[in-house]
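Undergrad: Residue numbers (our numbering), protein chains in the order written: chain A, 8 to 739; chain B, 192 to 354.
Where hints are given, some of them may not hold.
[Claimed, not checked] Okay, the calculated beta carbon distance ranges per label pair:
(1) Y204(A) to E304(B): 49 to 59 Å
(2) K300(B) to F137(A): 56 to 66 Å
(3) R279(B) to S696(A): 57 to 67 Å
(4) H314(A) to P318(B): 36 to 46 Å
(5) E575(A) to S346(B): 49 to 59 Å
(6) E255(B) to G207(A): 28 to 38 Å
[Claimed, not checked] Here are the simulated BS3-like pairs of lysine-lysine, each with C-alpha atoms no more than 27 Å apart in a straight line:
(7) K223(B) to K494(A)
(8) K226(A) to K205(A)
(9) K698(A) to K711(A)
(10) K118(A) to K299(A)
(11) K266(B) to K505(A)
(12) K148(A) to K205(A)
(13) K205(A) to K150(A)
(14) K299(B) to K605(A)
(15) K588(A) to K605(A)
Hints listed in this document are in silico derivations from the structure and should not be mistaken for laboratory results.
Being a predicted model, the structure only gives us computed values, none of them experimental.
Note that the Cβ used here is the ideal one computed from N, Cα and C, for glycine as well.
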Amino acid sequence: MGCGFAKSDQAQLKQLNRGTSIVPAATAMRAALLIQRWYRQYVARLEMRRRCTWNIFQSIEYAGEQDQIKLYNFFGYLMDHFTPASSERNLISHIFREHDIGRDVEWESYKSIEVPELYSGPHLSFPMTFSNAAELVEAFKNKQQLHSRYVLQLLVESWRRLRILPNISQISTCHSKEITICGDLHGHLEDLLLVFYKNGLPSSERPYVFNGDYVDRGKDSLEILLILFSFLLVYPNDVHLNRGNHEDHIVNLRYGFTKEVLGKYKLHGKKILKLLQKIFSWLPLATVIDHKVLVLHGGISDTTDLHLLSRVDRHKYVSALRPPKSKKQMRSGLIGSDLEDNDPTYEFVGSSRRRVRSLTHTTYTVTRHEAPRRSLQVQTTRVTYSVEEELKKRRRQAGLSQSYRDLHNSTMNSDLDSDPDSGGELLDSNEDEWKQIVDLLWSDPMPQDGCIPNDVRGGGCYWGPNVTEEVLRRHNLTLLIRSHECKQEGYEFCHNRKVLTIFSASNYYEVGSNRGAYIRMGPDLVPHFIQYQANRSTRELTLRQSVGQTERSALKALREKLFAHKSELVSAFQVYDPEHKGRISLGNWASAMEAVLKLGLPWRMLRSQLVGETVDGMLDYQLWFRELSITEHKTELSNANLLETMYKNHSNLETIFRIIDTDNSGLISLEEFRQTWKLLSTHLQTDISDKAISDLAVSIDFNKDGSIDINEFMEAFRLVGGDLLQHEDDVH
Amino acid sequence: MAEDKDSAEAIVSEVHRKISEAFDVFDHEFNKTVDVREIGTIIRSLGCFPSEGELHDIIAEIEEEEPTGYICFEKFLPTMTTVLMERRFRPIPEDLLLQAFEVLDQQKKGHLEPEELTKYLTQEGEPFTPEEMEEMMSAALDPDRNVIFYKDFVSMMSVDNHR
Chain A
8 MGCGFAKSDQ AQLKQLNRGT SIVPAATAMR AALLIQRWYR QYVARLEMRR
58 RCTWNIFQSI EYAGEQDQIK LYNFFGYLMD HFTPASSERN LISHIFREHD
108 IGRDVEWESY KSIEVPELYS GPHLSFPMTF SNAAELVEAF KNKQQLHSRY
158 VLQLLVESWR RLRILPNISQ ISTCHSKEIT ICGDLHGHLE DLLLVFYKNG
208 LPSSERPYVF NGDYVDRGKD SLEILLILFS FLLVYPNDVH LNRGNHEDHI
258 VNLRYGFTKE VLGKYKLHGK KILKLLQKIF SWLPLATVID HKVLVLHGGI
308 SDTTDLHLLS RVDRHKYVSA LRPPKSKKQM RSGLIGSDLE DNDPTYEFVG
358 SSRRRVRSLT HTTYTVTRHE APRRSLQVQT TRVTYSVEEE LKKRRRQAGL
408 SQSYRDLHNS TMNSDLDSDP DSGGELLDSN EDEWKQIVDL LWSDPMPQDG
458 CIPNDVRGGG CYWGPNVTEE VLRRHNLTLL IRSHECKQEG YEFCHNRKVL
508 TIFSASNYYE VGSNRGAYIR MGPDLVPHFI QYQANRSTRE LTLRQSVGQT
558 ERSALKALRE KLFAHKSELV SAFQVYDPEH KGRISLGNWA SAMEAVLKLG
608 LPWRMLRSQL VGETVDGMLD YQLWFRELSI TEHKTELSNA NLLETMYKNH
658 SNLETIFRII DTDNSGLISL EEFRQTWKLL STHLQTDISD KAISDLAVSI
708 DFNKDGSIDI NEFMEAFRLV GGDLLQHEDD VH
Chain B
192 MAEDKDSAEA IVSEVHRKIS EAFDVFDHEF NKTVDVREIG TIIRSLGCFP
242 SEGELHDIIA EIEEEEPTGY ICFEKFLPTM TTVLMERRFR PIPEDLLLQA
292 FEVLDQQKKG HLEPEELTKY LTQEGEPFTP EEMEEMMSAA LDPDRNVIFY
342 KDFVSMMSVD NHR
């Protein structure tokens, strides 16, 4: 048997098993050894599963972000090339329209909102006091909702406070004050409450720095903002809020914050969002402690210049996804160089960085040339190209990936949204400023030296240890504290402990996926970490159970991706199955999966969770897909192509729908629905006939009343079930 | 004959890919090295059941002349390939595992007290660390009766292992 037990031992074991009163030492030892050996193997396999699960989540998360930027670039491109008469343009011009939000008078209108007698939530009075703020925390802990009047009032006051703050706050640990630094919270109120419980509420004795990404993903983003703003108002010198990449209304459209606000505040939600749009742009960019420790959300690049950053008009950059207009980009022609840099599938030579790759296969690329200077409204020279024709032409001409330079040269040109604060014509320097800000909010560290575009997220860059050295040295700093990336232990050092990532949203991907942490730092500027995990039930779960839960969630998300790429996968499988027998070996399956999805995942390790039965090591792939695609939807969809496209672009679809739904009713008309699909299919270069779309529209109109409920639609098409190998019962 | 050779090569090549995948999961810097402390996890996740002593022997084999704390793939691959092809460190059958528990259950109660099990596993063989013991206990202990029904425990864990 070859397992450490000789035959004679086994016999001995059997003999002793007959109920002697003492276990001889040698036997006890052998039994213990066996159990230990077995258990350690078990733990190792769990650890492997945990790491794989983590990789899955991260790859899907980052691919989603990149998706968002691609979609956004596409919109921008369309905006510039639409004829004024085009109805499609109206659909998405909304996203670029920044209403005039500079006037105080408009915001004072909250005063006219009456708070009814029946309202049982907290009442705020201004100027706010500590007990007011503490009361608010309690109220939210008890799941109460703040009345919209108070929300607006609080936001207006916060705005007033924020706009007088510098871009980079300078704080000090004098008077032996320890500073607490928190990372991403992402709407996880329970984590913020846990931090306050363990560490105490903010006060002049207990200063806090919050490092961005307060919103999106979690369901209490607004409550977190309201709490943080309250303490900001009460202790303006002791609470510091940095901007994160999610403090951006465009990102919010996709990642849930917009939806949350509109859902909680049906009447005034839109106004709240508009105000927040402005407030986000006024959030400071960074904090420096004792002139030595730099705290900012994303990271740095080789060009990061804090002096420049301290001088910019930060509020001009309402969304980091929208670069400013500039002269330069208007002249920029087709740039043929730098091919090697931005192909998302490129493996960087030498230090081949195997990061997760984009799941979207759009080869559509934007190259800017001869962008008109004028606003679209004035522009009458463009005549009737249809969108498709125009894009085909551009694609032929372009056919190149964008270089990093191009990426921030390419801009969405829209004068519809001129910020009243910006005067006159903007200069090239705006572009540099914009790049500086995007780098600050979106970048990630990498192990190798250098500085390259962050193609995974689609914005900012990857920077290496040499860049850290240089930037820290240049500014006479000793440590960079940043957030932006989820870490299993809540924090992680890199770059010779010169860069510290702090992440405060526990269970970020799924219950049990990671701990959150915060930093305490005194005058010695040595960081101390406190870790935690919200959700009491996680601590009671055994290791095995918590891995299982997270894993199931990751696998479900992965299966959806697989299903979305079905046709490409089948083509890839058929390469290994030239006689179309419908079966391939597991080794070939793994190779094909990686070739198509480019996720850098260990397919052979994941195989047992993704693939059910195999016969002689061969997989019947058609059967496999049928098992994968167990969905629960109310309509019969004969068009498989459409279904696949829908799954692939789940989030994009929702984003577009929410944009279209201008009155935030949650409903869009059939006609709008049809137009959305046309837009999307252009973006994706897929071929979906008008008839197929019309059929789909009609079949989705569940009430047959000519309109489609967005939420119903999104729910109806989620992949449900299909968990082929679920042995475990649900654990709760 | 040629066919056999092809399929033998194919098998080895597939084994190589399996090893590479597992290795990459822990290659945090994407430079084909892993921390030596993760080697045990990698080897075990490939289906092997080495003892700690056997693990240390393997590590000694694949470490650099001057240990750096890192193991590089070049050295890991050939050794690991041999291990897999030879089916070294084979899995422990369920019934044998059960016997091991039964042996410790002197009084044939059908269960073990937590103190008993803890004593054996933290003092005998290749002792568990307190953390390892705590982890196993949390999965094994029946919360109502406060004992370990090892038969159930083994069955439960074996289901997992077949995933």
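Undergrad: Next, verify each hint and record whether it holds.
TA: To see whether the hints hold, each was checked on the structure:
no.	hint	in the structure
1	Y204(A) to E304(B): 49 to 59 Å	violated, 37 Å
2	K300(B) to F137(A): 56 to 66 Å	holds, 60 Å
3	R279(B) to S696(A): 57 to 67 Å	holds, 59 Å
4	H314(A) to P318(B): 36 to 46 Å	violated, 58 Å
5	E575(A) to S346(B): 49 to 59 Å	violated, 41 Å
6	E255(B) to G207(A): 28 to 38 Å	violated, 49 Å
7	K223(B) to K494(A)	holds, 22 Å
8	K226(A) to K205(A)	holds, 22 Å
9	K698(A) to K711(A)	holds, 18 Å
10	K118(A) to K299(A)	violated, 44 Å
11	K266(B) to K505(A)	violated, 31 Å
12	K148(A) to K205(A)	holds, 15 Å
13	K205(A) to K150(A)	holds, 20 Å
14	K299(B) to K605(A)	violated, 54 Å
15	K588(A) to K605(A)	holds, 26 Å
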